[in-house]
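Build the complex: two chains, separate frames, hints provided.
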Amino acid sequence: MSVREHELREALRAVAEPVETSADLVGPSLATARRRRARSVAAGVVAALLVVGGAGVAAWPRGGERPAEVPATRTSSAPRPSTVAWAFGDTLHRGALRTTVGDGRVVRTLDDLANGGLLVGTTSPGEDTWRDYLLLDAGGTVTHRLGRGFAVASADGTTVA
Amino acid sequence: MGEDAEHGEFAAYVRARQRRFVRFAFLLTGDVHEAEDLVQSAFARVYRRWDSIHGSPDAYVRAAIVNEHRSWWRRTWRHREVVSSPLVGARDPEHVPDERDDALWRQVLALPRQQRAVLVLRFYEDLSEARTAEVLGCSVGTVKSHTSRALAALRGSMQEVER
Numbered sequence: 001m002s003v004r005e006h007e008l009r010e011a012l013r014a015v016a017e018p019v020e021t022s023a024d025l026v027g028p029s030l031a032t033a034r035r036r037r038a039r040s041v042a043a044g045v046v047a048a049l050l051v052v053g054g055a056g057v058a059a060w061p062r063g064g065e066r067p068a069e070v071p072a073t074r075t076s077s078a079p080r081p082s083t084v085a086w087a088f089g090d091t092l093h094r095g096a097l098r099t100t101v102g103d104g105r106v107v108r109t110l111d112d113l114a115n116g117g118l119l120v121g122t123t124s125p126g127e128d129t130w131r132d133y134l135l136l137d138a139g140g141t142v143t144h145r146l147g148r149g150f151a152v153a154s155a156d157g158t159t160v161a
Numbered sequence: 001m002g003e004d005a006e007h008g009e010f011a012a013y014v015r016a017r018q019r020r021f022v023r024f025a026f027l028l029t030g031d032v033h034e035a036e037d038l039v040q041s042a043f044a045r046v047y048r049r050w051d052s053i054h055g056s057p058d059a060y061v062r063a064a065i066v067n068e069h070r071s072w073w074r075r076t077w078r079h080r081e082v083v084s085s086p087l088v089g090a091r092d093p094e095h096v097p098d099e100r101d102d103a104l105w106r107q108v109l110a111l112p113r114q115q116r117a118v119l120v121l122r123f124y125e126d127l128s129e130a131r132t133a134e135v136l137g138c139s140v141g142t143v144k145s146h147t148s149r150a151l152a153a154l155r156g157s158m159q160e161v162e163r
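Sequence order for the protein chains is W and G. In terms of the working numbering, the first sequence has 116 at position 116, counting the first letter as 1, and numbering is strictly consecutive. In terms of the working numbering, the second sequence has 103 at position 103, counting the first letter as 1, and numbering is strictly consecutive.
In short, the hints are calculated from the structure, not lab data. Treat each hint with caution, since some may be false.
To be verified - Far from chain W, some chain G residues (derived; all Cβ distances over 10 Å):
1) SER128
2) VAL135
3) ARG149
To be verified - Derived DEER-like restraints, expressed as beta-carbon distance ranges:
4) W:HIS6 <-> G:ALA12: 32 to 42 Å
5) W:ARG4 <-> G:ALA16: 27 to 37 Å
6) W:ARG9 <-> G:GLY55: 22 to 32 Å
7) G:SER52 <-> W:ARG4: 14 to 24 Å
8) W:HIS6 <-> G:ILE53: 16 to 26 Å
9) G:GLY8 <-> W:GLU5: 34 to 44 Å
10) G:GLY156 <-> W:ARG9: 13 to 23 Å
11) W:GLU10 <-> G:ARG49: 31 to 41 Å
12) W:GLU10 <-> G:ALA59: 33 to 43 Å
13) G:ARG149 <-> W:ARG9: 15 to 25 Å
14) W:ARG9 <-> G:GLY137: 22 to 32 Å
None of these values were measured; they are calculated from a predicted model. For every residue, glycine included, the Cβ atom is placed at its ideal position computed from N, Cα and C.
With the rest of the complex left out, here is chain G (with noise of 0.2 Å):
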């Protein structure tokens, strides 16, 4: 393929599915700009594999954006930033939020980052254990052993925020 064509297609698809990458990585983080920044960079290494990726994107992109995010989370220049004031997040202003789907995603944010991150890819990317566990790069087990924590402990805390 020309440099052309596969720059041009490259940019069709970051248009495409930017949004989408964002929303999930939002899950993630719990900070829509973070969550842009993620997008990007997992966007930045996509690009030069673009030509010896076959089949969906989606899947790599999907895997650097975890990757991304763990090498952030592990990164301690990510200790060290400074914010000058509260971020405006960039949510839609009409969007009123269901009280217990609120509760419930503060319950989520709450939760250990490798546990939140299985249940976004289980339960908001609808992935299999398998496809899971590969995005992950743990085993099958370790996700439904997140899985199962991760559950427990909404289930334990919702108890506690609706008594």
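Looking at chain W on its own, in the form it has when it is part of the complex (with noise of 0.2 Å):
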């Protein structure tokens, strides 16, 4: 049987039509993203971060370095501070979302940032469309919690995730 051009476009438009974004479930308000953008030209970073994850755009403009760290909490009573060691099996919190690291899934694991860090993504369980992603440095810490529906981009256009 031959495949015919009309065919072919119809099966595209099959395939590509039920599929979801994230952004169609939740996502940053534009407000959280606008509020990021305007701490990061105070801090005079280089990177660009956008958020897209429904509704929301932030940018960092030109500057000098990367976006300041943002804490990451775990479930544990003691506070913690700016950067917590992270391991498998820690809990995360984000408002009122969850993610038990490495009890969800990790998206995948990048080993050539420039800091030698990784880019852990997870999804919690039972959360199979919300993903977060973790900026983790050489040691293993959490240097940077990026959320959901994201790419960073450095100044001279290298995305570096």
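As structure tokens, then:
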């Protein structure tokens, strides 16, 4: 049987149509993204962070360094410094959401970030379409919580994540 | 344009077009999560040039997605990804794919990356051969040749599947 062009066209549409994006569910608000941007302007950072998970867009305009550290917290009661050791099984909070690192899926680990760190994406159990990204330094410490639905690019246009 | 207006305009554009571009990227990659990452990276690139883009930004975003996909493919780190368990595809659970569409899609996925990109641009995005060549940065002749080879390969593989 031959494959006609119109059949291919219909098949591609049929395959693409049911694809849903994380943005169809929940995403960071534009207000949050803009607060991030304002904070970054003050810090004079280089990287551009674009949050497009649903509604948010934030940018770190040109400047000097990476985004300011975002604290990650754990379920343990003791207060934590702005960076915490990351290990499988740790439970991290972000707002009302909770991610158990390693209990959800590790979407990817990238081992060639400029600082030798890792980008770890996770999904929480039962939250298959929600992803959270943690940027870890070479020692496995969470240095940034990037949230879900993001892209980070350096000022020279090299996308690092 | 003021920064706020520019920012708002871009955010509105992302909201309006994100899903469409994720579907396009999905056809390039075959993976919803990778498609989302790809689209976000492309939006990040376009955002930097937002104030210099006149007319519809779609062409810029489309080209950025294709280029980003190509560069990801070339980067060795993409091959060092560790996926700890299968990802759940973000597909409509109610959707039951047509058997033939599904079989054809699997054959499209098996095509060389560049041939697949040509087919997606020509038959999903409905671009002309000339526009497809612009997006891919190649000649119209190359587009024709990729299209012809890809369709021939699909005909052959579908015959095998249906035997």
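> Among the hints numbered above, which are violated by the structure, and what are their numbers in rising order?
Replying inline: When the structure is compared with the hints, numbers 7, 8, 12 turn out to be violated.
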